[in-house]
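Protein chains: 2
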Amino acid sequence: VDTPALLLDLDAFEANLATMRDRLAGTGTRLRAHAKTHKSAVIAQRQAAYGAIGQCVQKVAEAECLAWGGIGDILVSNQIAGRTKLARLAALSRIVQVALCVDDAAQVEDAAAVAADAGIRLSVLVEIDVGMGRCGVPPGPPAVALAQRIAASPHLIFGGLQSYHGRAQHIPSREARAQAIGLAADETRRTVEQLRQVGLDCPVVGGAGTGTFALEAASGVWNEIQAGSYVFMDLGYAGIGDPPPFRHSLFVLGTVISAARDGVAVLDAGHKAVAVDSGLPAVWQRPDLVCTGLSDEHANLRCEGARPQVGQKLRLVPGHCDPTVDRHDWYVGVRNGRVECLWPIAARGAMA
Amino acid sequence: VDTPALLLDLDAFEANLATMRDRLAGTGTRLRAHAKTHKSAVIAQRQAAYGAIGQCVQKVAEAECLAWGGIGDILVSNQIAGRTKLARLAALSRIVQVALCVDDAAQVEDAAAVAADAGIRLSVLVEIDVGMGRCGVPPGPPAVALAQRIAASPHLIFGGLQSYHGRAQHIPSREARAQAIGLAADETRRTVEQLRQVGLDCPVVGGAGTGTFALEAASGVWNEIQAGSYVFMDLGYAGIGDPPPFRHSLFVLGTVISAARDGVAVLDAGHKAVAVDSGLPAVWQRPDLVCTGLSDEHANLRCEGARPQVGQKLRLVPGHCDPTVDRHDWYVGVRNGRVECLWPIAARGAMA
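Residue numbers (the working numbering), protein chains in the order written: chain A, 1 to 352; chain B, 353 to 704.
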């Protein structure tokens, strides 16, 4: 395997799939895994084999890649601006089941116009802001008003609520994390109840991520869990209190290209190969090698013991897997020290 | 233009090409532009039209993309680990002129073995560490010893010195920047002189970046300037004292997908679309909109005046252009508000 390369430890990956399946069993929640993490229909198929009922995506282009790869149920867990993109989703709805989220009346109007034009009915969820502070209308009456607007259109179907507390995922303290999700649960439950009072059921109440999924799954409020990172397990998640029960399965393999100075080695993998938005990577099973900084094409390592030789290969554990995957074209699947498969990252760069 | 998209303002881009040509005229230095920035043979050809004598790259895969796109003179300004990659460079040397850098005797041995096997002679430069603290042997005797090792091989040609002070590029104070390059110049001059004393000429003394190129060009020490970012002009460079004389030509175009909360708007372009390793982007010509954070697919904007509407398109100025380009497949070239061209980013993800 020449470097840099994106390695997937298949044993750890499959263990993660099984762990998530087992943890959700009996909770009354379904897994709708998030493809923003893996960008791959192959991995989505493996998740389906372990019980996932469908996928989330953030982008229409990601939905297209998954549909072309045989995934039959896809939620765009995000707002879609513009009728051009909406028309692509409407076209996709002829071959797979799709849904999207809105937080604005103009988006409802656009979705209805596009659905009418295509002669279909689109499923539309209302996103509520339960602490993320990004997209979403406030829970309660504003959400109910938007849902009624959806339900009133002959071209749309009210699909339920999107209720994702992204900021809670990485809260270091277990207690504070539970408290944040507890508040989100209260807001979501209240909104579901108010919708019921006006005659609107929520087929889907979706949310949760790898850092908090056990809390949402136990709440009795959510019925779809949208975790993505659990398949790979970011270094960022490993450092929080009571970390999620997954193994690191994703690595960037690099080669030492320079060791010209005492105590320092330089790898051929920089932040074009491994994302740094959530912190520097670690060197896998080498506590004596500390990554002190990444530039575009280089990782600088401080060597506390023997300096590795030029040519030696080392694995980096990414701080954040999602954007790391998005820099590569292939997963190199390895098991027992051998390459077992190459899987395309078909939705790499699919951002539109 | 659907979003996110990577826009290239062609007027600003061409002005930057002309400015660099004019600034180097009469200095006795040549421009060997760095393709790690643009990853595109099309842009390399435009640079050649404005006087660039060749290109630098960091990776063999980038060299391949440029050679396939008609660029005839390519320096890998980096160490190459492993005979597999070296053999690819040797193969490339049959159709274009190539050179590489080393900082280790084992790399000289590998390069010689691969060149012997291919029946060619490879041009090899010695990288010296003049303050970057990353790759490179110390200036002076260690560099001379490595150069002599190269010159002693019948399969290699000693190509000169690679002397790049990356850390100096973004030093905020003009004086401190000049001092850093002054020290690097002293070290480089001394090494060139010591090489001459043992009978070794330096056909190439390469280095410099967009932040310091005027200093190296005026020094009388370097003869090749390796600036890359000047074509696009990162936000990071605009903030230093006495900033380089280039215009912002590269933008990520995004659309407002959510404006559900007072004073906040959310764009459909996150750090998968615009690099954050050197700071957050700015909104072009909109000081009333302040980017407060990026997540994978979203940019959060604080609105100090009127909130933009859902569907409105805005340009982001990247903090760091090189890794931003590497996330996209196409440049959308615009002039006078119209799309004029689409240029492929052929070396996008070419990291091996």
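Any given hint might turn out to be false.
[Said to hold, decoys possible] Which stretches of chain A does chain B cover? Using the computed rule of at least three CB atoms under 8 Å from a CB of chain B, they are: (1) 78-84; (2) 126-135; (3) 196-209; (4) 264-277; (5) 315-327.
[Claimed, not checked] With the C-beta cut set under 8 Å, the calculated list includes, among others, these residues of chain B facing chain A: (6) 355; (7) 356; (8) 436; (9) 437; (10) 459; (11) 488; (12) 608; (13) 610; (14) 628; (15) 644; (16) 648; (17) 698; (18) 701.
Because the hints were derived from the structure by calculation, they are not lab data. Idealized CB from N, CA, C, for every residue including glycine.
Problem set entry | Non-conforming hints, listed in increasing numerical order | Numbers 3, 15 and 17, in rising order.
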